[in-house]
Amino acid sequence: MLKYILTRLLIFIPTLVAISLLTFIISINTPGDPVDSMLNQSSNTGQSSDKLASEQAYIEQRAKLGLDKPLFYFSFTNATYSDTLYRVHKKSHRETLEKLSFKYGNWPQIANYYSLIKKFENKLFLLTVSEDLAEDFRKLKEFTNSLYTTADEKTASTIISNIDFIVNGDREFIPVRPNFTALQKAIISIVQNQSPHQHYIPKFIWYGLDNQYHNWIFGDEPWFGQKESGKIYMGKGFLRGDFGTSYKDKRPVSSVLWDALQWTVLLSTLSIILAYIVAIPLGIKTAVDKGSKTEKSITATLFMLYSLPNFWIATLLIIFLCGGDYLDLFPPAFSLGKLPESAPFWDRFIDTSHRLILPVFCLTYASFAFISRQMRGGMLNVIEQDFIRTARAKGLKENTVIWKHALRNSLIPIITLFANVFPLAISGSFVIEFIFSIPGVGKLTLEALTARNYPIVYTVLMFTAILTLIGNLVADLLYAFVDPRISFSSGKK
Amino acid sequence: MTEEIKDIPTIIEERESKNAGASESYWQIVRKQFKKNKLAVWSLRIIMLFALIALLSDFIANERPLMCTYQGNTYFPVFKGIAVDWGLSEWQDEFKNITWKDLEFESVIWPPVPYLPQNLDVLNSNSVSPMDDQEVESTRWKHWLGTDEIGRDVLSGMIHGTKTALLVGLISMGIAALIGILMGSLAGYFGDDKLKMTVASIILNVLALFFGIFYGFGNRSYTLGEAMAEGMGSVVVELLISFAIIIGLLLLANLFAKVLSNVPFLSKKVTIPLDIIISRLIEIMVSVPTLFLIISISATVEKPSVAIVMVIIGLTSWTGIARFMRAELLRIRRLEYVEAAKALGYNELRTIVKHAIPNALSPVLIAIAFGIAAAILIEATLSFIGIGMPAEEITWGSMLAMSRQTPSAWWLAIFPGLAIFITVTVYNLVGEGLTDAIDPKQKK
Numbered sequence: 000m001l002k003y004i005l006t007r008l009l010i011f012i013p014t015l016v017a018i019s020l021l022t023f024i025i026s027i028n029t030p031g032d033p034v035d036s037m038l039n040q041s042s043n044t045g046q047s048s049d050k051l052a053s054e055q056a057y058i059e060q061r062a063k064l065g066l067d068k069p070l071f072y073f074s075f076t077n078a079t080y081s082d083t084l085y086r087v088h089k090k091s092h093r094e095t096l097e098k099l100s101f102k103y104g105n106w107p108q109i110a111n112y113y114s115l116i117k118k119f120e121n122k123l124f125l126l127t128v129s130e131d132l133a134e135d136f137r138k139l140k141e142f143t144n145s146l147y148t149t150a151d152e153k154t155a156s157t158i159i160s161n162i163d164f165i166v167n168g169d170r171e172f173i174p175v176r177p178n179f180t181a182l183q184k185a186i187i188s189i190v191q192n193q194s195p196h197q198h199y200i201p202k203f204i205w206y207g208l209d210n211q212y213h214n215w216i217f218g219d220e221p222w223f224g225q226k227e228s229g230k231i232y233m234g235k236g237f238l239r240g241d242f243g244t245s246y247k248d249k250r251p252v253s254s255v256l257w258d259a260l261q262w263t264v265l266l267s268t269l270s271i272i273l274a275y276i277v278a279i280p281l282g283i284k285t286a287v288d289k290g291s292k293t294e295k296s297i298t299a300t301l302f303m304l305y306s307l308p309n310f311w312i313a314t315l316l317i318i319f320l321c322g323g324d325y326l327d328l329f330p331p332a333f334s335l336g337k338l339p340e341s342a343p344f345w346d347r348f349i350d351t352s353h354r355l356i357l358p359v360f361c362l363t364y365a366s367f368a369f370i371s372r373q374m375r376g377g378m379l380n381v382i383e384q385d386f387i388r389t390a391r392a393k394g395l396k397e398n399t400v401i402w403k404h405a406l407r408n409s410l411i412p413i414i415t416l417f418a419n420v421f422p423l424a425i426s427g428s429f430v431i432e433f434i435f436s437i438p439g440v441g442k443l444t445l446e447a448l449t450a451r452n453y454p455i456v457y458t459v460l461m462f463t464a465i466l467t468l469i470g471n472l473v474a475d476l477l478y479a480f481v482d483p484r485i486s487f488s489s490g491k492k
Numbered sequence: 000m001t002e003e004i005k006d007i008p009t010i011i012e013e014r015e016s017k018n019a020g021a022s023e024s025y026w027q028i029v030r031k032q033f034k035k036n037k038l039a040v041w042s043l044r045i046i047m048l049f050a051l052i053a054l055l056s057d058f059i060a061n062e063r064p065l066m067c068t069y070q071g072n073t074y075f076p077v078f079k080g081i082a083v084d085w086g087l088s089e090w091q092d093e094f095k096n097i098t099w100k101d102l103e104f105e106s107v108i109w110p111p112v113p114y115l116p117q118n119l120d121v122l123n124s125n126s127v128s129p130m131d132d133q134e135v136e137s138t139r140w141k142h143w144l145g146t147d148e149i150g151r152d153v154l155s156g157m158i159h160g161t162k163t164a165l166l167v168g169l170i171s172m173g174i175a176a177l178i179g180i181l182m183g184s185l186a187g188y189f190g191d192d193k194l195k196m197t198v199a200s201i202i203l204n205v206l207a208l209f210f211g212i213f214y215g216f217g218n219r220s221y222t223l224g225e226a227m228a229e230g231m232g233s234v235v236v237e238l239l240i241s242f243a244i245i246i247g248l249l250l251l252a253n254l255f256a257k258v259l260s261n262v263p264f265l266s267k268k269v270t271i272p273l274d275i276i277i278s279r280l281i282e283i284m285v286s287v288p289t290l291f292l293i294i295s296i297s298a299t300v301e302k303p304s305v306a307i308v309m310v311i312i313g314l315t316s317w318t319g320i321a322r323f324m325r326a327e328l329l330r331i332r333r334l335e336y337v338e339a340a341k342a343l344g345y346n347e348l349r350t351i352v353k354h355a356i357p358n359a360l361s362p363v364l365i366a367i368a369f370g371i372a373a374a375i376l377i378e379a380t381l382s383f384i385g386i387g388m389p390a391e392e393i394t395w396g397s398m399l400a401m402s403r404q405t406p407s408a409w410w411l412a413i414f415p416g417l418a419i420f421i422t423v424t425v426y427n428l429v430g431e432g433l434t435d436a437i438d439p440k441q442k443k
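Chains as they are written, first to last, in numbering that gives the first Met the number 0: chain A, 0 to 492; chain B, 0 to 443.
Some hints here could point you the wrong way.
Listed next, with one range per pair, are the computed distances between beta-carbon atoms [to be verified]:
(1) A/GLU134 <-> B/THR405: 43 to 49 Å
(2) B/LEU55 <-> A/GLN183: 56 to 62 Å
(3) B/LEU239 <-> A/LEU20: 37 to 43 Å
(4) B/MET130 <-> A/GLY376: 40 to 46 Å
(5) B/LEU55 <-> A/GLU134: 55 to 61 Å
(6) B/PRO389 <-> A/THR127: 57 to 63 Å
(7) B/VAL205 <-> A/HIS196: 53 to 59 Å
(8) A/LEU20 <-> B/ILE108: 44 to 50 Å
(9) B/MET130 <-> A/SER145: 50 to 56 Å
(10) B/ARG30 <-> A/LYS202: 32 to 38 Å
Keep in mind that the hints were calculated from the coordinates and are not lab data.
Virtual Cβ for every residue (Gly too), placed ideally from N, Cα, C.
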């Protein structure tokens, strides 16, 4: 038995690694720049001091989030990809440069071009012009800024000729002319020295252990011994219980998640218990009375309930029962009580318990229908078996036959369902939490996804996966407990 | 005695034909059992009705007339509109940028619902109830199911929503079935012990896959991205090219492997535990809740589209089908006739495709029926919460979401929800009917 559990736990490792990679890939591919969304930066058309300050803030923030590290241990790309590209700060700039180098295959020239745009822009910000040129100057800055994100040759040449027109249009722009000429030359040299076939050559880049993935899982603080003084660490890593910091409110993910988890666990536990309490007797009843009229109508109703989309029911309940233009039985479900968020959890719970009735109902009815249908199926299978006939032939009371002999054996399908309870408890029901504005894990994750709050998405996905794996293991063990014929010690892999 | 001695191929053929005959009658039994279930038969009819509505949606609800006479000429604007959408034709100058309703026709036949889902009826904006008085010329122009906040016709949205819902269900489950049947039958048929490959072909195949992905996807990522922006047609073409590159490289690898199979070290045969590999893959997929996974992946898509949602649902929900298929093939591969086919020296591919898979398909059919219901529900959920589906796409889910903004508009909540409910229920009922029909315990 112990050996079996240990083997199963060992098998978890590759599965978890794969899931962590999947999560990581999902997160890094989410569009948008998390640093930008954290800083809420305005565009770079302000004063030079503003621009420098905001750029500095961006770089610092990026370093703080650990996003200035390479993504992974290695990278398998084409020969045009530079192994220093990750050092470019802005995500949008990185993407443009990657595209350019893919297209022209000459990274040195492109890097030179990038640094020349930067120099030109910096020069522009040091320049002051007279009032009547202000509009031109503003446009000039805008054009220059748009060069950072232009990878298309035609667009680039239009922008360049626009800049050319302004820069050579007035004497006041003379100081920046040399920089602009250099920039123009850089573009010509990119096009002249291009070797586009380069991207057909595969290339393998090794980045080493100091990368974003490694820091997320293992952390960069030393496992043993002292921290180096003066060095800034990212954290202890997922394996040591450090899930990082939420981008949105800069709180530790564990505490954000803990707050959300309380609501979700509360809701799911209530709904699961309710569902099982009602479903098991009902399932047995419909199995025993198979063929009767009540049974048929109950089964049909259960089937309907099972197919009713819970977000529809939730919407209808809110429209018709929560104030609005119709009945006013429940308070608007969009709030969770008057108490502030800082109030103790149980006080808030008592205050809001009557607001929980509708969400719990919506979470319960579908699973309840599902469980009773499973229970009925399991029971029907058992009732037809010989030992039940024997028990009846022995003269046992019908109740004893059903509740003592049949129930134990028909519980097996129900146990498999129990495995799903674990992940359900954490991921909750996205839609129900979304509709009723319950600050649970589902709503948290939805918000994190749209706000590109990766650390939360990582953590929730990983936890759901771990819980599902554990749930499956527990279900298998429970199988053996309910049905002694199943044994893990021999024969079974 | 001599009569009973037959050569082996004849015996096999007899078995096969016997089996084929048996399987034919098996399907007859399934059909008979299914027809006994009145509810399932009616559900199937409702599905067909919905499919008809989806197919004819442009003719049922459209802003253009079905047929009209305008300035002495007869036109069929709905047909024309479809041709224009497909890029086969262009509008005549007099029909460019016009409001069809305002034209003076000599004679005209309008579709039953004279609105497109995106048409704004300014006179009837702010959610007009179907029961209230509407600002329309006649009952011909009445909004039978009311309008939404900006004056779009709900009935038209419902009719065109049918198309999206059924397409999502069918295509995503088509993708899922392809992957699931492939994965499941490979795992089930070969198990952990049956797939033997030479060292050379393992190395070469892995290399080919690696380079195939590199040249097929890594190197073409910008081309694929541009195709995505252009539309469905070019995406399909570009994806086909990518897959052709991968398949070509794999074929090349196997050709080389044949040549190399004479080298002593490289020709050593190794058993590949295919079942373990695929089962682990399924376990990984299953350990993240599907809806969670789909929402996460949908959030990474820069430009949401229905096609991408279909692909995502298809790529994430094949595990159920694969499990069914695997279990069936694990059973079938031990049956006599497969052993016999193998003994005869038929190659593996032929044995799997021609003999093993057709016999395992029936439970997969059940999984597909339930899968379509689940896919439609997922699409509705995504539209409802506004992730992954384009904002301008009018679906049942997005209409239901609008009712959250205007709680007084009960028609926005009831009708789309009802449509989702009915569709999901009928597919579930068909799945249920199939389960009963295919369940061997009832087959008497």
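Each hint tested on the structure:
Range check, A/GLU134 to B/THR405: Cβ separation about 44 Å, and the 43 to 49 Å hint holds. Judged by the Cβ atoms, the range 56 to 62 Å given for B/LEU55 and A/GLN183 holds: they are separated by roughly 59 Å. At roughly 28 Å, the beta carbons of B/LEU239 and A/LEU20 sit outside the given window of 37 to 43 Å. At roughly 44 Å, the beta-carbon separation of B/MET130 and A/GLY376 lies within the given 40 to 46 Å, and the hint holds.
Hint check: B/LEU55 to A/GLU134, Cβ distance near 56 Å, so the stated range 55 to 61 Å holds. Range check, B/PRO389 to A/THR127: about 46 Å between beta-carbon atoms, so the 57 to 63 Å window is missed. Remark: the range hint 53 to 59 Å for B/VAL205 to A/HIS196 is contradicted by a beta-carbon distance near 26 Å. With their beta carbons about 59 Å apart, A/LEU20 and B/ILE108 fall outside the hinted range of 44 to 50 Å.
The supplied range of 50 to 56 Å is met by B/MET130 and A/SER145, whose beta-carbon atoms lie about 54 Å from each other. At roughly 58 Å, the beta carbons of B/ARG30 and A/LYS202 sit outside the given window of 32 to 38 Å.
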